[in-house]
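K.L.:
Chains as they are written, first to last, in this note's numbering: chain B, 10 to 309; chain G, 26 to 311.
Careful: at least some of the hints might be erroneous.
[Unchecked claim] Cβ-to-Cβ under 10 Å is the rule here; a few derived chain G residues that face chain B:
no.: 1; residue: Leu111
no.: 2; residue: Phe162
no.: 3; residue: Phe253
[Unchecked claim] Okay, the calculated beta carbon distance ranges per label pair:
no.: 4; chain 1: B; residue 1: Asp180; chain 2: G; residue 2: Gly150; range: 55 to 61 Å
no.: 5; chain 1: B; residue 1: Gly65; chain 2: G; residue 2: Ile147; range: 37 to 43 Å
no.: 6; chain 1: B; residue 1: Ala242; chain 2: G; residue 2: Pro228; range: 57 to 63 Å
no.: 7; chain 1: G; residue 1: Pro132; chain 2: B; residue 2: Pro74; range: 33 to 39 Å
no.: 8; chain 1: G; residue 1: Pro170; chain 2: B; residue 2: Asp180; range: 27 to 33 Å
no.: 9; chain 1: G; residue 1: Ala133; chain 2: B; residue 2: Ala242; range: 44 to 50 Å
no.: 10; chain 1: G; residue 1: Ser74; chain 2: B; residue 2: Gly246; range: 41 to 47 Å
no.: 11; chain 1: B; residue 1: Gly246; chain 2: G; residue 2: Pro228; range: 53 to 59 Å
no.: 12; chain 1: G; residue 1: Ile115; chain 2: B; residue 2: Ala128; range: 36 to 42 Å
no.: 13; chain 1: B; residue 1: Thr283; chain 2: G; residue 2: Ser74; range: 41 to 47 Å
In case anyone wonders, no lab produced these hints; they're calculated from the structure. Here a beta-carbon is modelled for each residue, glycine too, at the ideal position from N, C-alpha and C.
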Amino acid sequence: MRINKHWIVVVLVTAFIATACTSGSSTTTTEATTAAQTTTTAMSCTVENLNLVTPGTLTVATGEPAFPPWVGTVDGEGFDDPTSKLGFEAGLVYDIAEQLGFSDDQVVWTRVDFNEAIAPGPKDWDFNIQQYSITTDRQEVVDFSEPYYTTHQALVVYPDSPYAHVTSVEDLKDAILGAQVGTTSLDFIEQVIQPNTAPFVYDENVDLEAAMNAGQIDGLVVDLPTAYYVTAAQVDGSVIAGEFTTMSANPDNYGILFAKGNPLVTCVNQAIDTLKANGTLQQLEDTFLTQGGAIPEISG
Amino acid sequence: MTEPTTVGGGGPGIFGPPPRRREEGARGALIAFFSTLVFAGLALWAILSSDAWPRVQQQFFNPRHFTESFPTIARGFWLDIKMFLLAEVIILVLSLIIAMIRSLRGPAFFPLRALAVTFIDIIRGVPLILLILLLGFGVPALQLPGVPRSALFWGLTALIISYSAYTAEVYRAGIESVHESQRMSARSLGLTQGQALRYVIVPQAVRNVIPALLNGFVSLQKDVALVFVVGIREGVRAADIYAARTFNYTGYIAATLLFLAVSVPVARFTDWYTDRDRRRRQVMSS
Numbered sequence: 010m011r012i013n014k015h016w017i018v019v020v021l022v023t024a025f026i027a028t029a030c031t032s033g034s035s036t037t038t039t040e041a042t043t044a045a046q047t048t049t050t051a052m053s054c055t056v057e058n059l060n061l062v063t064p065g066t067l068t069v070a071t072g073e074p075a076f077p078p079w080v081g082t083v084d085g086e087g088f089d090d091p092t093s094k095l096g097f098e099a100g101l102v103y104d105i106a107e108q109l110g111f112s113d114d115q116v117v118w119t120r121v122d123f124n125e126a127i128a129p130g131p132k133d134w135d136f137n138i139q140q141y142s143i144t145t146d147r148q149e150v151v152d153f154s155e156p157y158y159t160t161h162q163a164l165v166v167y168p169d170s171p172y173a174h175v176t177s178v179e180d181l182k183d184a185i186l187g188a189q190v191g192t193t194s195l196d197f198i199e200q201v202i203q204p205n206t207a208p209f210v211y212d213e214n215v216d217l218e219a220a221m222n223a224g225q226i227d228g229l230v231v232d233l234p235t236a237y238y239v240t241a242a243q244v245d246g247s248v249i250a251g252e253f254t255t256m257s258a259n260p261d262n263y264g265i266l267f268a269k270g271n272p273l274v275t276c277v278n279q280a281i282d283t284l285k286a287n288g289t290l291q292q293l294e295d296t297f298l299t300q301g302g303a304i305p306e307i308s309g
Numbered sequence: 026m027t028e029p030t031t032v033g034g035g036g037p038g039i040f041g042p043p044p045r046r047r048e049e050g051a052r053g054a055l056i057a058f059f060s061t062l063v064f065a066g067l068a069l070w071a072i073l074s075s076d077a078w079p080r081v082q083q084q085f086f087n088p089r090h091f092t093e094s095f096p097t098i099a100r101g102f103w104l105d106i107k108m109f110l111l112a113e114v115i116i117l118v119l120s121l122i123i124a125m126i127r128s129l130r131g132p133a134f135f136p137l138r139a140l141a142v143t144f145i146d147i148i149r150g151v152p153l154i155l156l157i158l159l160l161g162f163g164v165p166a167l168q169l170p171g172v173p174r175s176a177l178f179w180g181l182t183a184l185i186i187s188y189s190a191y192t193a194e195v196y197r198a199g200i201e202s203v204h205e206s207q208r209m210s211a212r213s214l215g216l217t218q219g220q221a222l223r224y225v226i227v228p229q230a231v232r233n234v235i236p237a238l239l240n241g242f243v244s245l246q247k248d249v250a251l252v253f254v255v256g257i258r259e260g261v262r263a264a265d266i267y268a269a270r271t272f273n274y275t276g277y278i279a280a281t282l283l284f285l286a287v288s289v290p291v292a293r294f295t296d297w298y299t300d301r302d303r304r305r306r307q308v309m310s311s
């Protein structure tokens, strides 16, 4: 009987906690964010006026390791070394920093993993760049810069695979595919290809490689620039079977990630606009992301 | 048994030592009720008054995201349950065999004993997640003919091997807890070493370690989720995918609730069983 009484207490308290959790107010955050945004639009974008975690320094987060061609080149130059300025994202960050008035040595890099980047709470970096796709769900939690790159998805296979010469997503219905967690590549497989076997999902690109080697997946779907690197360096002997011409429900726009409500995004957007207008962004793309040779197309 | 016995009959309460007398029990429950209320109230007040709470609430306790993520997470969790049940049956048998081999006496059995000890030492020394990665990706990469390539197969194999090593030690503790005279008596009756183990030692040993085995149940029921590292989409991975896609952690709460829904009853059952067994032994010994 005593046991039963204890249980009643437990149930009551749990129910109490549960109701409290679901009934709290949710309007305060959004109000605070909009207020922060309106007050800062007029702010001028000079180093001393910027909202920075370390005054006078631009602290930029990226993944570890950061893969080419985003950091470092496909040939392996400047691998995982963003200060080399090699790689599309590394180069872009230094160009943005320059627009904002930072010198190169005022740019400090820090490494965070994916979950750390999106967890609530204060951040110890100003912004985070590692091919984050912009989606509306994510925008409820964080802020993104405007897109700095739009990509297509690509299929990587071994040349002797039955899927090496596919021309349409229809041909991939029976394929066992893999993708990295948190990428639009996974959404693309599920929403556009819709294979009969649910795709395998891995933490890192290196696990995709292991699964390819183990013969557990027929192919992997990554964004096209990453596919260049995967075939060149990560999965020995693999090839790009093709680039998908269809876009997933969310077009793959990559944006720089900011903590929700960080006014710095306004200034970074201005910098990106300038880099678009003066052709610097296109130049970066030509240098790091566009490789020679025609890639076959896989139609929807 | 040397465990302390309860005074005044009945089992211990769930959350603490048993009260001495019945009237104290009623008063104790009242005190427990109010102190729990005050404690929970203070904790809640501290959480809810935090500036970051609305953000945390949106990101961890969002009803819309709960509803959206739940079906896929539940499907993944069902795979966890199936893996758990299959693995548990194999583990219970395999580990008992290992423990019996380790408990064989006599110089003739030295190689077998050494093999069992080496197996247990090495497997217990390797982090489970590494074992899953090594077997899940490594063995299929050898491309040996006739060897399965499935990540699920090798992930489960890693779980079974690892837990068998631990469980074998639980069984061994049980075997060693049976008094030496039991073995001697059995042998003097003309039973072989194997027969003595099989008919005399093991039945008593297993009974002694059932609570420990059930404890392993609870642990395995959660650890099966680790096969996600080789690409298997079980419950935790499903929640992980949802969180990575939406940047919302409510799916993790959904997964947590699903795991609790299974592990808490098992834990309660373990306590109940241990308690009942102790009472039966008291009756037998008095």
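K.L.:
Run every hint past the structure and note whether it holds.
P.N.:
Going through the hints against the structure:
1. Leu111: violated, 20 Å
2. Phe162: holds, 4 Å
3. Phe253: Given a least distance of 8 Å, the restraint on G:Phe253 holds.
4. B:Asp180 / G:Gly150: 55 to 61 Å: violated, 47 Å
5. B:Gly65 / G:Ile147: 37 to 43 Å: violated, 53 Å
6. B:Ala242 / G:Pro228: 57 to 63 Å: holds, 59 Å
7. G:Pro132 / B:Pro74: 33 to 39 Å: Roughly 54 Å apart at Cβ, these two residues miss the hinted range, so it is violated.
8. G:Pro170 / B:Asp180: 27 to 33 Å: For G:Pro170 and B:Asp180 the Cβ distance comes to about 29 Å; the hint holds.
9. G:Ala133 / B:Ala242: 44 to 50 Å: violated, 55 Å
10. G:Ser74 / B:Gly246: 41 to 47 Å: violated, 59 Å
11. B:Gly246 / G:Pro228: 53 to 59 Å: Taking Cβ atoms as reference, B:Gly246 and G:Pro228 lie about 57 Å apart, which means the hint holds.
12. G:Ile115 / B:Ala128: 36 to 42 Å: holds, 38 Å
13. B:Thr283 / G:Ser74: 41 to 47 Å: Roughly 44 Å apart at Cβ, these two residues keep to the hinted range, so it holds.
Checked against the numbered hints listed earlier, the structure breaks hints 1, 4, 5, 7, 9 and 10; every other hint is satisfied.
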